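Following the hints, complete the assembly by docking chain C onto the known chain A.
Sequence lines, in order, name chains A and C. Its first residue numbered 12, the first sequence is counted upward by one per residue in the numbering used here. Its first residue numbered 449, the second sequence is counted upward by one per residue in the numbering used here.
Honestly, the hints are just simulated from the structure, not real lab data. A quick note: this is a predicted structure, and the numbers were derived from the prediction, not measured. C-beta: ideal position from N, C-alpha, C; glycine also. Hints may be right or wrong, so weigh each one.
No farther apart than 27 Å at their CA atoms in a straight line, the calculated lysine-lysine pairs in the DSSO-like style are these [to be verified]:
no., chain 1, residue 1, chain 2, residue 2
1, C, Lys584, A, Lys514
2, C, Lys640, A, Lys514
3, C, Lys635, A, Lys310
4, A, Lys162, A, Lys60
5, A, Lys514, C, Lys686
6, A, Lys514, C, Lys608
7, A, Lys497, C, Lys683
8, C, Lys607, A, Lys424
9, A, Lys217, A, Lys315
10, A, Lys497, C, Lys584
11, C, Lys635, A, Lys429
Chain C residues, not near chain A, derived (Cβ > 12 Å throughout) [claimed, not checked]:
no., residue
12, Asp511
13, Phe533
14, Val664
Quick list of the computed label-pair ranges, beta carbon to beta carbon [to be verified]:
no., chain 1, residue 1, chain 2, residue 2, range
15, A, Thr568, C, Asp682, 38 to 44 Å
16, C, Ser580, A, Ser527, 54 to 60 Å
17, C, Ala665, A, Asn500, 20 to 26 Å
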Amino acid sequence: MTKKLDLLDIQGNVIRAYGRFGYPVARYVCLNVRDGAKGREFVGSISKKVTTAVEWGDGPGKMKQPDWTINISFTYQGLKDLGVPTSSLIGFSPEFVSGMKARRDILGDDGPSSPQHWDPIWQRNRETRENDVHILVSINALAGQGLDWLKTAEKNRDQAYKWFQGEVDKTKGGVVILDGHLGDNGEQFKYQDAKIVLDNGKPTSKEHFGYTDGISDPVFEGVPYDENRVKGRGKQIPGGKWAPLATGEFLLGHVDEAMEYPPSPEPVLLSRNGTYMVYRKLHENVATFDRYLEEQGSKFPGGKELLAAKFVGRWRDNGAPLVKAPDAESKAKYDAQFAAADEQGKDDLLSDFTYDDDMSGGKCPFSSHIRRINPRASLEMIHEEAGFTPLGAFLSLFLPPSWLGMFKKAGDKPGSLKVSKGAFNTPGALSDRRRLLRRGLPYGEVKDRTRDDGNHGIIIMMVNADINRQFEFVQQQWINYGNDFKAGNDKEIILGNHSLDDKFPSKAVLQVDPNSDQAPFLLSDIPRLVETRGGEYFFIPSITALHMIARGVVDPT
Amino acid sequence: MASNISGNAYALTILSPIKNSFTDDEVSYADTVRDRLQSWNSEPNSPMALVPQTYLCRYFVLDDVYTESLPGASAIDTLIDLLPFVPDSLRRCYWPKEDHLNSSYLVFSCNFHCGPNADLDGYLRNMWNTISDKIKEVWGFCHGFDGVDNADKFIDYMKKCQFEATLFFVGSNDDPLEEQLKALYLKQEFSKFAVSNQGLDTATLRANFKGFIQRVAPANLTAPTWTAGGYRIDKLVKRG
Numbered sequence: 012m013t014k015k016l017d018l019l020d021i022q023g024n025v026i027r028a029y030g031r032f033g034y035p036v037a038r039y040v041c042l043n044v045r046d047g048a049k050g051r052e053f054v055g056s057i058s059k060k061v062t063t064a065v066e067w068g069d070g071p072g073k074m075k076q077p078d079w080t081i082n083i084s085f086t087y088q089g090l091k092d093l094g095v096p097t098s099s100l101i102g103f104s105p106e107f108v109s110g111m112k113a114r115r116d117i118l119g120d121d122g123p124s125s126p127q128h129w130d131p132i133w134q135r136n137r138e139t140r141e142n143d144v145h146i147l148v149s150i151n152a153l154a155g156q157g158l159d160w161l162k163t164a165e166k167n168r169d170q171a172y173k174w175f176q177g178e179v180d181k182t183k184g185g186v187v188i189l190d191g192h193l194g195d196n197g198e199q200f201k202y203q204d205a206k207i208v209l210d211n212g213k214p215t216s217k218e219h220f221g222y223t224d225g226i227s228d229p230v231f232e233g234v235p236y237d238e239n240r241v242k243g244r245g246k247q248i249p250g251g252k253w254a255p256l257a258t259g260e261f262l263l264g265h266v267d268e269a270m271e272y273p274p275s276p277e278p279v280l281l282s283r284n285g286t287y288m289v290y291r292k293l294h295e296n297v298a299t300f301d302r303y304l305e306e307q308g309s310k311f312p313g314g315k316e317l318l319a320a321k322f323v324g325r326w327r328d329n330g331a332p333l334v335k336a337p338d339a340e341s342k343a344k345y346d347a348q349f350a351a352a353d354e355q356g357k358d359d360l361l362s363d364f365t366y367d368d369d370m371s372g373g374k375c376p377f378s379s380h381i382r383r384i385n386p387r388a389s390l391e392m393i394h395e396e397a398g399f400t401p402l403g404a405f406l407s408l409f410l411p412p413s414w415l416g417m418f419k420k421a422g423d424k425p426g427s428l429k430v431s432k433g434a435f436n437t438p439g440a441l442s443d444r445r446r447l448l449r450r451g452l453p454y455g456e457v458k459d460r461t462r463d464d465g466n467h468g469i470i471i472m473m474v475n476a477d478i479n480r481q482f483e484f485v486q487q488q489w490i491n492y493g494n495d496f497k498a499g500n501d502k503e504i505i506l507g508n509h510s511l512d513d514k515f516p517s518k519a520v521l522q523v524d525p526n527s528d529q530a531p532f533l534l535s536d537i538p539r540l541v542e543t544r545g546g547e548y549f550f551i552p553s554i555t556a557l558h559m560i561a562r563g564v565v566d567p568t
Numbered sequence: 449m450a451s452n453i454s455g456n457a458y459a460l461t462i463l464s465p466i467k468n469s470f471t472d473d474e475v476s477y478a479d480t481v482r483d484r485l486q487s488w489n490s491e492p493n494s495p496m497a498l499v500p501q502t503y504l505c506r507y508f509v510l511d512d513v514y515t516e517s518l519p520g521a522s523a524i525d526t527l528i529d530l531l532p533f534v535p536d537s538l539r540r541c542y543w544p545k546e547d548h549l550n551s552s553y554l555v556f557s558c559n560f561h562c563g564p565n566a567d568l569d570g571y572l573r574n575m576w577n578t579i580s581d582k583i584k585e586v587w588g589f590c591h592g593f594d595g596v597d598n599a600d601k602f603i604d605y606m607k608k609c610q611f612e613a614t615l616f617f618v619g620s621n622d623d624p625l626e627e628q629l630k631a632l633y634l635k636q637e638f639s640k641f642a643v644s645n646q647g648l649d650t651a652t653l654r655a656n657f658k659g660f661i662q663r664v665a666p667a668n669l670t671a672p673t674w675t676a677g678g679y680r681i682d683k684l685v686k687r688g
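Isolated chain C (complex conformation):
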């Protein structure tokens, strides 16, 4: 099993190089992409809430790799340091080079439910079918995206940009999203049930529980349940 798959959960990492160019009003493509991504924060909800089976995801623009410090010394470096006749210029050429990116990158890191067959294509197809406008809004500035105008081309493009990394978020198991949302809904409703039925006699409790089960319909994953991407407690529950 590939390392970016854990059970039925998939960790997708996409690195798409952004073209080194600028718009008509002289804003670099990289800044434009970042600006568009940041504008999603002011929308009522993330467009990714519409993409089925998305557990969690993150977009950002990577301008360059981060240099933490000069590389640590190896045994040979230490030896060279101790030998006074090694000229400084020679010593410096043996220092590892600093790495830099040739362009900024759009990074998309996403965890989703892929099922037992690790269905990446299906996820990306749904993503294109639900939010292709938003996809074009940001990926339109990336190398190689020209001509991507249908789901198949999008899948091919994304696979070219895929980087196999095991970036899993904690806080989700690998069940389908509907199962997880329903489970959270049931947990919330059950604690309310427990509070409102505390101390009742067995017969009443049993009758009330029957009513409760009918109302919350544990087997029905579509309703009532929590809405995907919900973040306000008063807007969370989707009624049947």
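With the rest of the complex left out, here is chain A:
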């Protein structure tokens, strides 16, 4: 029997990237609980409106798509102050207990990304009790039809926020909204707003560097409305096929890719259908990005736009993956196909690919964003050295090497890698346990592309069952280091915490087809393109758990 999730028990932001469902505007609010009892009451009243993952539809017995959604999550300090018992608290993971700031060395949040440069709200967090972020509430607002689509969305958001503020006011100081989210002119706000990037007033799915974002969000078992999206988003299985990832990679209380239940706090009712979320505010240095792209693009043989695509693994205009469209000629063919395809066909063109025919990285570089974040089956690679065949190796024990010419193999060309067949149970063995659901939206507007400062970037929220195994591993090993990709200490080009030391500048290698006579292109002196401006680790409880927290009846005994 196919697995079916209890969608009414799971918070909607776990399963849905709201942006894709017509919600272009969001507001994130952080709260501090001053009084446990009032805090629980507040959680109770919010939980009545919390958006679940249920399927939407019109007609009898169906849940109508809401004008706005609201979701709630908690830090470790928040759960403690809301009265979750110690015997439950000790079951949460150490990184969740410590929080993002304490994990900065692992995350590479150094230099301009270090906590002293974070927004005041995140700087003050975990310094004094009164300023600790305890609760994160996120509101997403539905767009309207026609020209007023954005105004309608903003109206929906304001309506939701008004209701939410009313609930906070009812606590009479038991729960307070924290300010300190930086705005456009350095002012401090009581909320973080986020909104899709507009192009001449029209909605886009791009971020501020101009890339289409969030295409390959993982698909896992039990979500009915994701069934047609498995190709390229689930896990690669033998025979070039795809299957949804195990639910336990993203939801506690379910079996994961290792056929185990992820470590979770007791009782089961507190953790099942809940999960962890990583919230990060990432500033984008648009001027530096434009300048670097211009400067390197003038030298890069394929030109500026191909180079931009090499940074990420997708072309900026329509998101075409480099694996399918590695150069201008193939891109033109892809574009024609893309234009003629229906919705499903378009989705397949964007997402349904593997790196099997690009194991050497000649099309999609090893340090590009999508290859680092989701390597699919590309980590199972080997390089065959020149030498003897097995029989030749045996004969060489008795005979001089000069007699054994016919028992020699040439080996792969330098820089050539191929799929290591049979070494792993499944093609995705090295990446299936490192996947992340990505939520969130861009924030701010770029008013002057010649300047890095200002208030623009991405609010990224990554959902996973194990922050350490999934998010922190990807951040430390795949974004800020390159060894798993046979790329030494090269970092991921866009997100890497590139070196600030002129003596040891960051570089990345853009590989070429090892059988061609081209030389690889070396990206040198890569500047820091993205900087962390704050963030924290949160727990998103199920609806059941929310009710239990609100009633103060969490009891693991």
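Positioned in the frame of chain A, the structure of chain C alone reads:
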């Protein structure tokens, strides 16, 4: 070839029993040895970085052997379990005994370049000649170390404590340490050269490469190269 030798690499395992005694301030010898070893962590570098040809090594104090579980049942155990008239006390005496050590042990596990003749003596002699003070600091609490005051006696002592185990670390081939450090240095410098000379015409490239080769001197293993035991990128390169 002995199993603890692989090509020109040697896997040395030393188990030295620590005396069951304590110091004047009532700290056991085993704890004292561990404390001294741990104090090396706060020094600018490990004393072992001074010992020529050391690839990697590890020191620790083994207090006792680790008991993982009761031993698994054999077919006879299962049979006895099924026979109701076998008394429990009899059944228990057939369980294998748990093993314990009579004392704590200082364990030294080391991989080094031994050359084609598996030269253990040469390595240990160099070790004594470079860090004998540090050696005495920890081995001084071990059985049988009294009177070890020169390289020959140290070699004899170590061989008595040697345990043939194939504990090889991954991450090193069997070339001499100088070769490996030079190779790593060259690799780092070459990637910098490739970056800074990208796209130049052939003639300039050839001229620059000539200059590069002169500067990095591939045949000169002493300089410029990486320093042994270096762990900070800005302190790694030893200039000529």
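Do the hints match the structure? See the list:
no., hint, in the structure
1, Lys584/C / Lys514/A, "41 Å, violated"
2, Lys640/C / Lys514/A, "10 Å, holds"
3, Lys635/C / Lys310/A, "24 Å, holds"
4, Lys162/A / Lys60/A, "23 Å, holds"
5, Lys514/A / Lys686/C, "15 Å, holds"
6, Lys514/A / Lys608/C, "49 Å, violated"
7, Lys497/A / Lys683/C, "25 Å, holds"
8, Lys607/C / Lys424/A, "46 Å, violated"
9, Lys217/A / Lys315/A, "18 Å, holds"
10, Lys497/A / Lys584/C, "43 Å, violated"
11, Lys635/C / Lys429/A, "23 Å, holds"
12, Asp511, "26 Å, holds"
13, Phe533, "42 Å, holds"
14, Val664, "17 Å, holds"
15, Thr568/A / Asp682/C: 38 to 44 Å, "55 Å, violated"
16, Ser580/C / Ser527/A: 54 to 60 Å, "58 Å, holds"
17, Ala665/C / Asn500/A: 20 to 26 Å, "25 Å, holds"
Hint check: violations occur at hints 1, 6, 8, 10 and 15; the rest are consistent with the structure.
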